[in-house]
Amino acid sequence: MIAYTIRRLLMLIPVLFGISIFIFLIMKMIPGDVVSTMLGTEATDESRSQLEKQFGLNLPIYQQYYNWISGVLVGDFGVSLRTGKPVLGDILNRFTLTLELTLLSAFLSWIIAIPLGIIAAIKRNTSTDFGVRIISLLGVSVPNFALATLLLLILSVFFSYYPPSSYVSLVEDPVKNLQMMILPSIVLGTAMAGAVMRMTRSTVLEVLRQDFIRTIRAKGASERVVIFNHALKNAMIPILTIIGMQIGVLLGGTVIIEQIFSLPGLGQMVLTAINQRDYPVVQGAVLFIAFVFVMINLIVDLLYSYLDPRITYK
Amino acid sequence: MTKKIKIFSLLLLVVMVMAACSDNNASSDSDSDSDSGGNSKDANQLLKIGNDQEPAGLDPHKVPAHSSIRIYEKVYDSLLTFDENMELQPELAKEWEQPDDTTYIFTLREGVTFHNGDKMTAEDVKYSYERILDEETASIAKSYFDKVESIEVMSPTKIKFNLSETYAPFLSYVASTNAAIVSKKVVEENGDLMQVAVGTGPFKFEEWKPDNYVELSKFEDYYKEGQPKLDGIRYITMKDESARLAAIRTGEVHLTTLSSQSIPLAEKNEDLEVKGYQSTEYSYVGFNVDKEPFNNKKVRQAISLAVNRQEVKDIVWKGDAILSGPIPESMGKWAIDVSDQELYQQDIEKAKKLLAEAGYEDGFETVISTASTYPDMVDTAQLLQQQFEQIGIKADIKQLEWGQYIDTWKSGDHEMLVGRNSSGSDPDRSISFFFSTDGSANVWGFSNDKIDSLSEKGRTTTDTAKRREIYNEAQKKLIETSPNLFLVSPKKFFIVRNNVENYTPSANEPENFNETIIKQ
Numbered sequence: 001m002i003a004y005t006i007r008r009l010l011m012l013i014p015v016l017f018g019i020s021i022f023i024f025l026i027m028k029m030i031p032g033d034v035v036s037t038m039l040g041t042e043a044t045d046e047s048r049s050q051l052e053k054q055f056g057l058n059l060p061i062y063q064q065y066y067n068w069i070s071g072v073l074v075g076d077f078g079v080s081l082r083t084g085k086p087v088l089g090d091i092l093n094r095f096t097l098t099l100e101l102t103l104l105s106a107f108l109s110w111i112i113a114i115p116l117g118i119i120a121a122i123k124r125n126t127s128t129d130f131g132v133r134i135i136s137l138l139g140v141s142v143p144n145f146a147l148a149t150l151l152l153l154i155l156s157v158f159f160s161y162y163p164p165s166s167y168v169s170l171v172e173d174p175v176k177n178l179q180m181m182i183l184p185s186i187v188l189g190t191a192m193a194g195a196v197m198r199m200t201r202s203t204v205l206e207v208l209r210q211d212f213i214r215t216i217r218a219k220g221a222s223e224r225v226v227i228f229n230h231a232l233k234n235a236m237i238p239i240l241t242i243i244g245m246q247i248g249v250l251l252g253g254t255v256i257i258e259q260i261f262s263l264p265g266l267g268q269m270v271l272t273a274i275n276q277r278d279y280p281v282v283q284g285a286v287l288f289i290a291f292v293f294v295m296i297n298l299i300v301d302l303l304y305s306y307l308d309p310r311i312t313y314k
Numbered sequence: 001m002t003k004k005i006k007i008f009s010l011l012l013l014v015v016m017v018m019a020a021c022s023d024n025n026a027s028s029d030s031d032s033d034s035d036s037g038g039n040s041k042d043a044n045q046l047l048k049i050g051n052d053q054e055p056a057g058l059d060p061h062k063v064p065a066h067s068s069i070r071i072y073e074k075v076y077d078s079l080l081t082f083d084e085n086m087e088l089q090p091e092l093a094k095e096w097e098q099p100d101d102t103t104y105i106f107t108l109r110e111g112v113t114f115h116n117g118d119k120m121t122a123e124d125v126k127y128s129y130e131r132i133l134d135e136e137t138a139s140i141a142k143s144y145f146d147k148v149e150s151i152e153v154m155s156p157t158k159i160k161f162n163l164s165e166t167y168a169p170f171l172s173y174v175a176s177t178n179a180a181i182v183s184k185k186v187v188e189e190n191g192d193l194m195q196v197a198v199g200t201g202p203f204k205f206e207e208w209k210p211d212n213y214v215e216l217s218k219f220e221d222y223y224k225e226g227q228p229k230l231d232g233i234r235y236i237t238m239k240d241e242s243a244r245l246a247a248i249r250t251g252e253v254h255l256t257t258l259s260s261q262s263i264p265l266a267e268k269n270e271d272l273e274v275k276g277y278q279s280t281e282y283s284y285v286g287f288n289v290d291k292e293p294f295n296n297k298k299v300r301q302a303i304s305l306a307v308n309r310q311e312v313k314d315i316v317w318k319g320d321a322i323l324s325g326p327i328p329e330s331m332g333k334w335a336i337d338v339s340d341q342e343l344y345q346q347d348i349e350k351a352k353k354l355l356a357e358a359g360y361e362d363g364f365e366t367v368i369s370t371a372s373t374y375p376d377m378v379d380t381a382q383l384l385q386q387q388f389e390q391i392g393i394k395a396d397i398k399q400l401e402w403g404q405y406i407d408t409w410k411s412g413d414h415e416m417l418v419g420r421n422s423s424g425s426d427p428d429r430s431i432s433f434f435f436s437t438d439g440s441a442n443v444w445g446f447s448n449d450k451i452d453s454l455s456e457k458g459r460t461t462t463d464t465a466k467r468r469e470i471y472n473e474a475q476k477k478l479i480e481t482s483p484n485l486f487l488v489s490p491k492k493f494f495i496v497r498n499n500v501e502n503y504t505p506s507a508n509e510p511e512n513f514n515e516t517i518i519k520q
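Going down the list, the sequences are from chains W and H.
For the first sequence, my numbering begins at 1 and goes up steadily by one.
For the second sequence, my numbering begins at 1 and goes up steadily by one.
Where hints are given, some of them may not hold.
[What the hints assert, rightly or not] Here chain H is said to cover these stretches of chain W; the calculated rule only asks that three of the stretch's residues, wherever they fall, bring their Cβ under 8 Å from a Cβ of chain H:
1. 75–88
2. 148–157
[Said to hold, decoys possible] List of simulated lysine-lysine pairs, DSS-like, C-alpha gap at most 25 Å:
3. H:318 x H:268
4. H:147 x H:184
5. H:142 x W:53
6. H:297 x H:476
7. H:184 x W:53
8. H:398 x W:28
9. H:275 x H:450
10. H:209 x W:85
11. H:209 x H:297
12. H:410 x W:53
13. H:457 x H:142
14. H:94 x H:185
15. H:119 x H:147
16. H:239 x H:333
17. H:353 x H:291
18. W:85 x H:268
19. H:229 x H:184
20. H:410 x W:28
21. H:318 x H:291
22. H:519 x H:268
23. H:239 x W:85
24. H:185 x W:85
Keep in mind the hints are simulated off the structure, nothing from the lab.
What you are looking at is a predicted structure, and each value in this text was computed from that prediction instead of being measured.
Every residue, glycine too, gets a C-beta built ideally from N, C-alpha and C.
Bound conformation, chain W alone:
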């Protein structure tokens, strides 16, 4: 197990290296550079070349990559071309918000989706089951930006409510922080809940049909023991896979929701940086997100063997 983990961690190196080259080249290939977007139609040739020199954009492209990656290797992600602030500090700051949003949405989705999924499986083909299935279908198919806009509209028009707009962290003011986070979490959690609900229902159903469940029931175990100790635990692997993937996606994919709710998270940071062609920020943030994504996958893989001792890693 430990050897496997180490091997997986070592595999991270070529993956991240590949991503670093890829994102660097992509950023160079998209038309419009930081100087153009900064100066807009006010640019003179003089101011352009001066800024290019200041940002090191006049160097050959391999030199620019070398300068950046050699910094990254020693933990220096460079400074933002726009704000002049160190990139890594900013990423970690923004990440706390995005992580909180992700975990809160995931938590909301689990407490809705897993119980409902189980209920639907137990009451298969009843009106409860149909109800749950319709809810989950809605969750999966309503785009979250539409849900977010609708929610804001309804709350503002009918309840005259708008969540506080100036962000405070959980540590500074937990109540206000939660007021800010609850709506976006509900929106993100709903979409996630739909998928998890469907997966829970179908895998629990599948497990319930298996022989060992009949044996357990025959032994006189209560329905609670059957469902929670046996059925759910066996059904957990596919559910965990989908949860892991969704958390990974949420960490990098909360862009639109962060924008609608004016939350200064990692997604907003990347979007603003792409629009402004702030190369070090985009490169650093993408590399960071990739790292987190790979780590989550690793954790999910390791959890498999905890849930199902038959799975071992060598």
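Got chain W sorted already, so can you dock chain H onto it with the hints?
Coordinates of chain H only, in the frame set by chain W:
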């Protein structure tokens, strides 16, 4: 078991609804008290503005983005300013004189301090202009002051500018926000001014939380007695229009901007007021006059005759715009009346005739490039596409992301470009910056001796009446030669909660909050 789940689900729902519908006013108050760092003595006088873009830095000498200007113009002052008729008025300089054509002497207001408590002196003025002129700064205002040969501090309150030649736009540029007076000490301490802002203006910079908000607080020692009335301003970044609309409806922000499509929604709300002003911008179609067929004046004129500007005004701007030439009407005395210009009257037959004379009787195919970032530009392009069809011109529309648009604009790699220009504050900019042969923003490949000589004359003539004649002629010539088709100058709107008093936007200063108060 099932019962438990039901109870739990119900509880959860109740908690969520309670959280969502909790009293907003209570939350807003606690928010002002807790996180404004104790700067707002009366939290109720904090004006919250929904800013549609994240500011791109706070250096007044370097950053031309509107999202930044609206913030740093509250923090900094220039030597001069404009009134609502675009006439020069004293600001940090209480008076100025011009002993000869190339010398300007400014007498500074006494007792003006920077936000850090330091006195503002002629040395700071000298330093600010030298910073603009320094190549290292890469200032956008450098080209405004290229004619400045030397700056002499005559006394702590007197400063002299020596120009290398007569340069009529000089004072207008001195009044530009980009010629703000900065503190030498602050620049030296911080390296640059992208993240900090210390000026002499009515509001002090407090905090910038990236992608969230910038907060300013009242400067108690502002040189204008009794101003500002507000305790602070918070610019909250809200890129999403529906979020801005929801926020202004509920009072989470006091003021914001919306696209003309959403204005009717705000007009219906009795708590909101829509305040408009004529902007200094105009929309245009630019031609690459190096490329066929646009190198032929008759083709450009034919296209001008095919355009129905009234439709652009009515459809794209919902009627809230006026016809514009190269200098929009908000520039006051400098603008000419364009409504009777021959090329502004749609005349399809005449347009077809001109096209035939140019050798394109069957029309031609072309591409209109525009920026997808701005819906009005896309709408304009789509409307023009239909209008051009009437004379046989088939145009494809290429929507470009802003960075790509700027690249295309700059490289001259376009055929037709739909965009919006800001006229600046001096007619020199409107004419020579965009259309003289060596103009920085002449990306059209346009070169016309008459325009060049008029630009030169306009720059070296200090008599206002004579200058006006020169620019009148230049405007007519530009309309006649049509390197760009000037369309309309739109109105801009602020949506304001009606408890915000003493605030009237105008072209010279859309956001002057010095007298503004929030009525409880």
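Evaluated hints:
Proximity of the segment 75–88 of chain W to chain H, defined as three or more residues with a beta carbon under 8 Å from a beta carbon of that chain, is established by the 4 residues found. Coverage of the segment 148–157 of chain W by chain H holds [criterion: at least 3 residues with CB-CB distance below 8 Å; count 6]. With a C-alpha separation of about 16 Å, the suggested pairing of residue 318 of chain H with residue 268 of chain H holds against the 25 Å cut-off. For a cut-off of 25 Å, the pair hint linking residue 147 of chain H to residue 184 of chain H stands: about 23 Å separates their Cα positions.
The straight-line distance between the Cα atoms of residue 142 of chain H and residue 53 of chain W is roughly 17 Å, inside the 25 Å bound, and the hint therefore holds. Between residue 297 of chain H and residue 476 of chain H the CA atoms are separated by roughly 15 Å; this keeps the pair inside 25 Å, and the hint holds. For the suggested pair residue 184 of chain H and residue 53 of chain W, the alpha carbons sit about 24 Å apart, so the restraint of at most 25 Å is met. A threshold of 25 Å between alpha carbons decides the hint, and for residue 398 of chain H with residue 28 of chain W the separation of about 22 Å falls inside it, so the pair holds.
Using a Cα cut-off of 25 Å, the hinted pair residue 275 of chain H and residue 450 of chain H is violated, with the two alpha carbons roughly 41 Å apart. Taking the CA atoms of residue 209 of chain H and residue 85 of chain W, the gap is about 12 Å. The hint holds against a cut of 25 Å. For the hint linking residue 209 of chain H to residue 297 of chain H, the alpha-carbon distance of about 51 Å lies beyond 25 Å, and the restraint is violated. Simply put, residue 410 of chain H and residue 53 of chain W have alpha-carbon atoms about 19 Å apart, close enough for the 25 Å limit, and the pair holds.
Among the hinted pairs, residue 457 of chain H with residue 142 of chain H is consistent with the structure: their alpha-carbon atoms are about 21 Å apart, no more than 25 Å. For the hint pairing residue 94 of chain H with residue 185 of chain H, the CA-to-CA distance comes to about 24 Å; that is within 25 Å, so the pair holds. Restraint check: the Cα-Cα separation between residue 119 of chain H and residue 147 of chain H comes to about 29 Å, which exceeds 25 Å; the hinted pair is violated. Pair hint residue 239 of chain H plus residue 333 of chain H does not hold up; C-alpha atoms about 36 Å apart against a cutoff of 25 Å.
Using a Cα cut-off of 25 Å, the hinted pair residue 353 of chain H and residue 291 of chain H holds, with the two alpha carbons roughly 21 Å apart. Pair hint residue 85 of chain W plus residue 268 of chain H does not hold up; C-alpha atoms about 44 Å apart against a cutoff of 25 Å. Our distance criterion of 25 Å between C-alpha atoms is broken by residue 229 of chain H and residue 184 of chain H, whose separation comes to about 29 Å. Note on residue 410 of chain H and residue 28 of chain W: the hinted pairing holds, with a Cα-Cα distance of about 18 Å set against a maximum of 25 Å.
The suggested pairing of residue 318 of chain H with residue 291 of chain H is violated, with an alpha-carbon distance near 34 Å, which exceeds 25 Å. Of the pairs offered as hints, the one joining residue 519 of chain H and residue 268 of chain H holds, with about 21 Å between alpha carbons and a cut-off of 25 Å not exceeded. Taking the CA atoms of residue 239 of chain H and residue 85 of chain W, the gap is near 22 Å; set against the 25 Å cutoff, the hint holds. Distance restraint check for residue 185 of chain H and residue 85 of chain W: the Cα-Cα separation of roughly 21 Å lies within the 25 Å cut-off, and the hinted pair is therefore satisfied.
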